[in-house]
Amino acid sequence: MIKNFKWLFIVAIAFTACNNDDDVVADPNSVDGKPLTAGTADFTKYVALGDSFAAGFSDNALFIEGQKGAYPNILAQKFALVGGGEFKTPFMNDNIGGFIGQTPRLYLATLPDGSLVPAPVSGTPTTNPTTILSGTFGNMGIPGAKSFHLVAPGYGSSAGNPYFTRFASSATTTVIADALAQNPTFFSLWIGGNDVLGYATTGGDGSNPITPTATFDVAYNSLISQLVAGGRKGVIANLPYVNTLPFFTTVPTNPIPGVSSAQAAQLNQLFGGINAALAANSLPSRFSTILADDGNPSTKESNPLLIVDESLVNISTQITAALTPLYGPAGAAYVGNLYGQARHARNTTGDSDYILLTTRSLISPPNNIQPGIPSGLESFSIRGVTYPLQDSAVLTAAEASEIKVATDAYNITIQNAASENNLAFFDAKAVMNALISPTGISGNGFTLKSTFVTGGAFSLDGVHPSPRGYALIANKFLEAINTKYGSNFKGVNYGDYRILFPAVL
6 MIKNFKWLFI VAIAFTACNN DDDVVADPNS VDGKPLTAGT ADFTKYVALG DSFAAGFSDN
66 ALFIEGQKGA YPNILAQKFA LVGGGEFKTP FMNDNIGGFI GQTPRLYLAT LPDGSLVPAP
126 VSGTPTTNPT TILSGTFGNM GIPGAKSFHL VAPGYGSSAG NPYFTRFASS ATTTVIADAL
186 AQNPTFFSLW IGGNDVLGYA TTGGDGSNPI TPTATFDVAY NSLISQLVAG GRKGVIANLP
246 YVNTLPFFTT VPTNPIPGVS SAQAAQLNQL FGGINAALAA NSLPSRFSTI LADDGNPSTK
306 ESNPLLIVDE SLVNISTQIT AALTPLYGPA GAAYVGNLYG QARHARNTTG DSDYILLTTR
366 SLISPPNNIQ PGIPSGLESF SIRGVTYPLQ DSAVLTAAEA SEIKVATDAY NITIQNAASE
426 NNLAFFDAKA VMNALISPTG ISGNGFTLKS TFVTGGAFSL DGVHPSPRGY ALIANKFLEA
486 INTKYGSNFK GVNYGDYRIL FPAVL
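Residue numbers (my numbering): 6 to 510.
These are calculated hints, taken from the structure and not from any lab test.
Be careful, since some hints might not be right.
Unchecked claim - Below, in silico cross-link-like pairs of lysine-lysine (DSS-like), each with a Cα-Cα straight-line distance of 27 Å or less:
#1 Lys495 x Lys409
#2 Lys481 x Lys39
#3 Lys495 x Lys454
#4 Lys50 x Lys454
#5 Lys409 x Lys73
#6 Lys495 x Lys73
#7 Lys454 x Lys73
#8 Lys73 x Lys481
#9 Lys454 x Lys93
All chains should be built: construct the whole structure from the sequences, respecting the hints.
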């Protein structure tokens, strides 16, 4: 009898063990179903350094709901599952967006004719940049910040950046100093976009120059050396080409519909004459043939935009001389100056111009008439058709090439920093290349592309991500962290994040 009891006891133990194995439940927070782990990283105190992307800027403004969905906030929520501590954000006062006196955030408004256009939400911003917030903040994303700004004393002063002024520990501190004062155990750093973006969004007009590579290198390497001191771990990201953002790719180079036959003949005579003069001086032609409207809506012609390209040889003197018999000395001089460095925009692989998203309003009738044209020369007043779009309205192929050269140099520095310091690396350039591809990036039953409005990845300003775009970025950061440190964070579901913010939040 005792033997039978012993046998039953052994069977019971074995049965219980089998049941325990069968009852193991996969961890829903991990990417592999195994228990969630931080791996070799310590997420106890996370600090995020960066620019408007880190801040959660969206729809041309910073506002509360946008900040909540910033990629560092999403990361911090994941880190909290493995011991990550409090992560504070310097929230704005409202969901209208921006500071007092600034234009509110954008939303997609419906016009009486049913068309959809970005427009400012109603209301007045209430956030005062001079109202100083107390405490420290893990999210140190600062809209407008360039690489060297993060190491610049006084960036939080009244003469510095108002977004940083609100939460800087003092007027003389630096961003990196305030970050390190929190004794972080883990950091993220994504900086450098604004080092070329300001130049790009102003059409390379010189008002916001590209940061020299040497300046970027010194600033970036200084940031990294301070952040990794003591063996601190983190994740850094490289930079996509900013001219691949919807801000630069939405408006085509040939949006001008076919003109009247008489106007086409007049323009072709003018542009053909200038091309002939260029050829006589062994210079390449600058102007295309202007097409007339053939009256068939299905084959409505589109003509290229007329733009200024300051990299061209200035032939204003030659044009003035040729047109003096027609327009007189003063009129010919005006036209000569107008067309001396003008050409038609082009969209050629490897040699394309980029029309800024904000330029769309300049070339849309009835707002496409340039004021101040001399009497008798009114035919030269149509922007993009007879009046060349000025430097600030277009990023030319030559200017885009300058951005590419700078971005490539920055990325070498960033990649070297990741390799030399054994940091996690998020290849943002590769992600952007995927977003601009025909297939985009798919996940959770959704496909994200860079296409303005309909692509789902970008907000209405054409530069900053949408809520779902920020979710994508957060997931890519998590993938990089998992790969480097052996953690197994599961990314967020894109379906939980909207594409665009509504008018009222």
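- Query: Does the structure break any of the earlier hints, and which numbers would those be?
  - Reply: 1, 4, 5 and 9
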